[in-house]
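S.K.: The primary structure of each chain is shown beneath.
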Amino acid sequence: MANKVESSTEMPNHLETATFEGKNKVLGFWLFLGAETVLFACLFGTYLALRNQSLGGPTTHELFDLKLVALATALLLTSSLTSVLAMIKMNQRSMKGMVTWLVITLLLGLGFLVLEIYEFQHYVHEGHTFMSSAFGSSFYALVGTHGAHVTFGIIWITTIMSQAIRRGINTDTAPKLFVSSLYWHFIDVVWVFIFTLVYLLGKVG
Amino acid sequence: MAKENNQAISQKPAGAMKHILSFVFMIAFTAAAFFVVISDKVPSGWVVPLLLIFAVIQVILQLFTFMHLDQKGSAFYTIFIVFGIFVAVISAVGILLM
Amino acid sequence: MGTLIVILVLVLFLAAIFTGGYNKQFQERVRKSRTWDWLTTVDHKKIGILYLMAGLVFFIIGGIEATFMRLQLFVPGNDLFVGRTFNELLTMHGTTMIFLAAMPMIFALMNAVVPLQIGARDVAFPFVNALGFWLFFSGGLLLNLSWIFGGAPDAGWTSYTGLALNQYSPGPGVDFYVLGLQIAGIGTLIGGLNFLVTVINLRAPGMTFLRLPLFTWTAFVTSGLILFAFPALTVALLMLMFDRLFGANFFDYTMGGSTVIWEHLFWIFGHPEVYIVILPAFGVMSDVISTFSKKRLFGYNSMVFATVLIGFLGFMVWVHHMFTVGLGPISNSVFAVATMAIAVPTGIKVFNWLFTMWGGEIQFKTPMLWAVGFIPTFVMGGMTGVMLALPPADFQYQDSYFVVAHFHYVLVGGTVFGLFAGIYYWWPKMFGKLLNETLGKWHFWTFLIGFHLTFFPQHFLGLFGMPRRVFTYQTNVGLEKLNELSSIGVAGMVIGTILFLINIIYTLRKGKKAKADAWELGRTLEWSIPSPPPEYNFAQTPLVRGFDALWVEKEAGNKSMTPAEPLGSIHMPSPSYIPILMSLGFFVAGFGFIVRGIPAAAIGLIIVVVSLFLRSFDYDKGYHVEPEDPEKGGKE
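Protein chains in written order, with my numbering: chain A, 1 to 205; chain B, 206 to 303; chain C, 304 to 939.
Note that these hints are calculated values from the structure, not bench results.
Distance ranges between label pairs, derived from CB positions:
hint, chain 1, residue 1, chain 2, residue 2, range
1, C, Arg-772, A, Leu-71, 51 to 57 angstroms
2, C, Ile-665, B, Ile-284, 36 to 42 angstroms
3, C, Arg-332, B, Val-287, 50 to 56 angstroms
4, B, Leu-302, C, Gly-386, 34 to 40 angstroms
5, A, Arg-166, B, Lys-277, 29 to 35 angstroms
6, A, Leu-55, B, Phe-281, 43 to 49 angstroms
7, C, Gln-328, B, Ala-221, 58 to 64 angstroms
8, A, Gln-121, C, Ile-909, 22 to 28 angstroms
9, A, Gln-121, C, Ala-905, 18 to 24 angstroms
10, B, Val-287, C, Trp-339, 40 to 46 angstroms
Below, simulated DSBU-like cross-link-like pairs (lysine-lysine); rule was C-alpha separation at most 35 angstroms, straight line:
hint, chain 1, residue 1, chain 2, residue 2
11, B, Lys-246, A, Lys-67
12, A, Lys-96, B, Lys-223
13, C, Lys-924, B, Lys-277
14, B, Lys-223, A, Lys-23
15, C, Lys-335, A, Lys-23
16, C, Lys-924, A, Lys-96
17, A, Lys-96, B, Lys-277
18, B, Lys-246, A, Lys-203
19, B, Lys-223, A, Lys-67
20, B, Lys-223, A, Lys-203
A few chain B residues facing chain A, derived, Cβ under 8 angstroms:
hint, residue
21, Ile-232
22, Ala-238
23, Val-242
24, Ile-243
25, Val-252
26, Val-253
27, Leu-256
28, Ala-260
29, Gln-263
30, Phe-271
31, Met-272
32, Gly-289
33, Val-292
34, Ala-293
Note that beta-carbon positions come from the ideal geometry of N, C-alpha and C, so glycine has one too.
Assemble the whole structure, with the sequences as input and the hints as a guide.
M.R.: See below:
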C-alpha cells in the first residue's frame, strides 16, 4: 500500500486530504470538534455557575495548587507541539521521525494523566468529592470529562500508531493520524480554558 | 523518490519553525497568565479580562498553526468551528448569567 | 418479571448455539438471508426505509398514548387513566413523538432524498449513517421498554429537575428517559454530521450551493442545528444521570445545585430542536409546491437566506421557554425580541410559497394537498407563537392548553403535514410504487379536519384556564363542551392514520409501478434515475447546469441528464455488522445502568469498545459493481 502512493506521479503535500475519503474524514472530524466545543461550553457554564457552592467544604481558593497545574499545563502544551511535529514528519513520509514524536506525545499525555489522578486523589482526601457539593460535582464533571478525553486520545493514538507501523504511512492511515492529532490539539485548547477559568479564576474570584 | 525527499526536507525548517515559534508564544502567554494571578501587582479589575485575552490568543494560535486552519481549503472547517464557538459562548454565558 | 424475560431469551439463544443450530452452513444461510442484508446494510436508501418504518411504529405508539389521554379527558372527572398513569402517558407521548417519530422520519426523507438530489452515489460516511440508525433504534427501544420494566418516565418530556430527581421520581422511569435519549441522541448527532459532510463534499459537478434543491438546503441547515444543539442535551442527560445514579448534586438545591441549569441546558438543545424538526418540512413544502405548481420556486435566494437565518436565530431564543423563571426583565426582553425576529424569515417563506403557487399550473395530487393544508395551519401556529413571545402575555398563557394548542399547530400542522407530504411525494422514489391517490386524499381530509377539531378548541381551553398535563377537570367551569369536541377530533386523526396504513399495505401488494419521473413533473435530480434507484444511484454522475437540474435539461429538450463521466465500475462500501453490534453494546450498557447492574453495564461498554476496535482494524475497502448502461435499456 505504502509503495502505491509513493510511486504515484504526483506526490501530495498533504497526505491526509489526498483522497476523497481523507477529505471527508478531516471535514467530518472538524464538525465533530464543533459539537465538542458546545459540549464543553455547557460543562464550563455549569461549573462557573456552581463553583461557589462548596457547602462548607474546601473552596477553590483553599483547594487548588497552582504549581501542580502549571506542570500539567506545561506537559500538555508541549505534547501539542510534539504532536504537530509528528504530523510534519508524517507528511515527509518519515515513519521513524513520526513514531518518535508520537511516542513523546503519548508519554507527555500519560504524565499529565498521572498528575491529574494524583490531584483528584489529593482533593478527595481533602473532602472535595463528586458527591460532597454542587461545586464538587461540576468540578469533577468538567475536569473529569477532559481527563476522559485525554485517556481516550492516548488509547486512540496508540492504536492508530500501531496500524501505521504495520501498514506504513499511506492515504489510508494518514487521515486517521491527522484527525487524531487534531483531537489532541483540541484537548489542549480545552485545557487552556480549564486552567484559565477553573484554576486561575479559582484563585482570583 | 530521492528528489521528492529533498524537496520535503527543504520545506521542513519553515514549517517546524512556525510551530515552535507559536509554541513559545503559547508558553509565554501561559506564564503571563499565571504571573497575573500569583503576583498581586495587577489591579483586580484587570485580572479576569487579561486572563480571558491570554486564553483566547492561545486558542487562536492553536487553531491556526497547530490545527492548520491557516492552510488553503480550510474555509468550511473555519465556518463550522467559529459557529461552534459562537454557540458555545452564548450557551456558557447564558447558563452563567442565570 | 422483566429481568426474567431477558434471561429467558439469553438462555434460549445460548441453547440454540450449543445444540448445533449454529454452524458453518447456518452461518452461510444467515449471511445470504434478506434479514441479514437489512441488518447490516450501509446503503442510504435502505437505511432511509428503516428509519421510516421505525418512525412510523413509534408514531403509532405515540398516537395511541395521545388517544388514551384524550379518552381520559373526554368527560370531566373521568377515572380511566389517572395520576401516575396519565403522567406516564403524557411524558411518553411527547418524548416518543419528538425524538422517536419526528426525528427518524426526517432522517428517513433525508436519507432517501438528499444524496439523490445532489447527484451523489452515496453518503459521506455510510458506516456512520448505519450506526446512527441503530443507535437511534436501540435508544428508542430502551425508552419504550420502560412500560414493561417498572414504569415509564413520568416527569414530562422536558423532565424538569426537582421533579425528575430520585426524591420525587423514584423508580426506574426517568432513568429510562435519560439513557434511552442519550443513546438515541448520539445516533442523531452522528447522523446529522454525516449529512453535513455529504452535502459539502459529495455534490455532483456543477451542483453549486445556490443550485441545491431547497429540501437539501433545509436538510443541511437542520444537520447543522443537530450538530450544535445535541451536545447540550448530552451534557444535560449526563448530569441528570450522575444525579440519579451516582449521587451527584448538579440539580439538588439542598446541596448547592440549581434546577435552572437543567432548564437552560434542556432548552439550549430544545429550541433548536424545534427548528430541527420544522425546517425539513419547509424544504419538503418548497419542493412539492414548486413541482405541482409547475413553476420555479419563487425567490429561491431569499428562501435559502431565510432558512439559514432561522437556523442561526434558533440558537438565540431558548430563554423564551423560561420567561416565568424570573431571569429579569432585560433577559426576557432580549429573548422576546429575538423570538419575534424569527417570524420575519418564516414570513418570507410563507409568502414565497404563495407566490410560487400564484399563476402556476397547480395539480392537486396528495402531496400538494398536504402542502396547501400546511400553509394556513402552520401560519396559525406561528401567530400564536408570536403571541407567546411577549413575556407579559406569556405569564398568562404559560402552562395552559393554549401552549399545547400552539405547539401542536406547529409540530403537527407543520412537521407532520410536511412529513406526510414528503412521504407521499417521495414514496415512489423510495419503493418504486405510487401510493393510492384516493386513499391518500381521504387520509388528508380526515386528518386535517380531525386535527383542527382537536386542537382549535384547545386554544380556548387554555384561555379559560385549563392547565396542561393535568389529568382531569371539574364540571360546571365551562370546559366540558370544548374538551368533548377536542376528544372527538382525535377520531379523525386516527381514521386518517389507519387509512394511511391501509394505503401502504395496498400499495405494497397492488400499487401502480412508478416511472423514473414518477409525477412527470420532476424538477430535481432524484427524478432522473429509476424508481427505486439502483444501489449506486447514478450510473454516471450527472452534470448539473442550473437550479432545478432536471427541469433545465427538460427545457433544453433533453430526455435525461448529461453525464459528467464515462461509464465505469463503481466503488461501493461493504455491509457491516458492527453498527448493530455497537448499538447492542450501548443498549446493554444502558439497561445495566438503569437496573443498577454494574456488571451488565460493564459488559455493554466492553462490547462498545470491542466494536470500536473492530472498526478501526477493519481494512475492508468495499467492492466494485458494473452499472447497467442506461442507453441499452436498463430497467426503467
